[in-house]
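**Q** Below are the chains, spelled out letter by letter.
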Amino acid sequence: MTRRIVLAILALSMVACLAGPVIAADTDEAKAVLKERVDAILSILRDPRYDEMTPEKDKEQRKKLTSEVDPVFDWQELSRRAVGMYWKKFSDQEKKQFADAFSELLEATYLDQIRGNAQGEVKYVGEREGKKGKVEIQTKVVTTGKEIPIDYRMHKEGGKWMVYDVLAEGVSLVKNYRSQFKEMLISQSPAQVIEKVRSKAAKMQESSS
Amino acid sequence: MMRTSIRMGAGLILLTALALALGCGGSRKAAAVNPDGSGKGQILLAAAEPHTVDESGGALIAQSETATQQETADETAEEFNDGFDDGFDDGFGDEEQQQQAQVNDPFEGWNRFWFQFNDGLYFALIKPVTQGYKYVTPEDGRVALKNATDNLEGPIRFINCLLQGKFMQAGVEFSSFVGNTAFGLGGLLDVTANKKKVVEPTDEDLGQTLGVWGAGHGPYIVWPVLGPSSVRNTVGKVGDGFADPANYLNPWYYSAAYDAGKMVNNLSFRLGEYQSLKDSAFDPYIALRNGYLQMREAKVKK
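First to last, the sequence lines map onto chains A and B.
Be aware that the first sequence starts at 1, since it is given in the numbering used here, and climbs by one per residue.
Be aware that the second sequence starts at 1, since it is given in the numbering used here, and climbs by one per residue.
Only true hints are included.
What follows is a set of in silico ranges between Cβ atoms, one per label pair, in the way DEER data are often shown:
| hint | chain 1 | residue 1 | chain 2 | residue 2 | range |
| --- | --- | --- | --- | --- | --- |
| 1 | A | Thr66 | B | Leu185 | 43 to 51 angstroms |
| 2 | A | Arg115 | B | Leu125 | 24 to 32 angstroms |
| 3 | A | Glu56 | B | Lys302 | 43 to 51 angstroms |
| 4 | B | Asn250 | A | Lys132 | 54 to 62 angstroms |
| 5 | A | Glu29 | B | Leu185 | 43 to 51 angstroms |
Below are the DSBU-like pairs computed for lysine-lysine, each with C-alpha atoms no more than 35 angstroms apart in a straight line:
| hint | chain 1 | residue 1 | chain 2 | residue 2 |
| --- | --- | --- | --- | --- |
| 6 | B | Lys301 | A | Lys31 |
| 7 | B | Lys278 | A | Lys131 |
| 8 | A | Lys63 | B | Lys127 |
| 9 | A | Lys64 | A | Lys200 |
Residues from chain B that keep clear of chain A, each with C-beta distances beyond 10 angstroms, as calculated:
| hint | residue |
| --- | --- |
| 10 | Asp119 |
| 11 | Phe123 |
| 12 | Lys127 |
| 13 | Phe177 |
| 14 | Val191 |
| 15 | Asn250 |
Treat the hints as calculated values from the structure; they're not laboratory data.
Glycine is no exception: its CB is placed at the ideal position from the N, C-alpha and C atoms.
Let the sequences and hints guide you as you build the complete structure.
**A** This is the structure in structure tokens:
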């Protein structure tokens, strides 16, 4: 009997040993995907070609950055989370329209932010695991006089690691928008909200270019 | 060298002028920036006197009633949809607090008024002054001043590390304070910045200590000039004030001048952050409230 228990414990611990590295590989994989993107973005930002900015060059840089940022973000999931429980009020078409508009708004906002911190050094300071295969990659952007912690929450969508939330100083972008959309959707229809997101995105793109 | 010192001097004069203007403006503790000098858009922060609540209490009740009704209706809707909402819990353990954090704003009428006021003050006075200061003061000078003010807050962080039972971190704070004060020209140089530490210190304050001890945020409050806070963090701020040497300056307007100067100097590294928060928000008031509460929650957990 005792032998059986010992054997069972041994077997279990072996499984545990196997499981450990497998889980670690998840965060490593996600981190590698993220790092590749961040490096690409930084090299575009620091490209000496853009030291002297003209409106055409600005547009070109923006386009390049967007093409690097876009593939790693899961806009559909991000939008679903940002809208929260009202998401089911949206028709399939509205969901798509919303995700498109919201992605434009966030890209404009995000690009504004990272351009301001282009000279910063990005440090990878840790990682965490959530439920259902979600991971959090923690980074720090270090510039003179300040350090901004930025955490990326990622999950696997269609076999690819994608970002579905960004936390700056512990503030989740998705939740911050959710608190606002919640208020808006109490009194407004999805179509009205989509329109507001669109005009906001257009305004952001205009003001930052 | 000559030019640098002239620019430094101009910066200091500008700072003092602003400090006196703010100090004479009425509030005794004119301005304080958050001790860690961090926080997106959180430029002006709490350290106000409790009696302000009494003065305004009467007017608040009427306004807050409608707000509360709306929030309650909201809450029920949330409860009703619990099953769906669960889908958003990604297991990082901050979902529940988030929902609590959102609803506790009984003073919304008062808060929105002061939010507007602070917003106006920021763009009309604080931002242009900080821009002027940033222009005339070399970066090295601003960094040195920030090191010095951060260092002076060392004792506050040290005490709060102890109160939270973070003894390793308390040790790091203690040795940094001693090291920088003794070998860094009284804190102007951060000589311990690149030393390997046993634990990486996170900025602790009494508001966080109270949170660690289990106190909730309490209602969200926006203070005139000082900006977003909560009941818990206001209490914390007042408590921390006792450990801040600047508050023992005599006469009182020296303290006010010190606080205003610290605020402008810290802000000079973060100009534009509030603007971008505001630009990207649909309702800047809600965005700032949510951001502030999320940030404080995250700090308590660190």
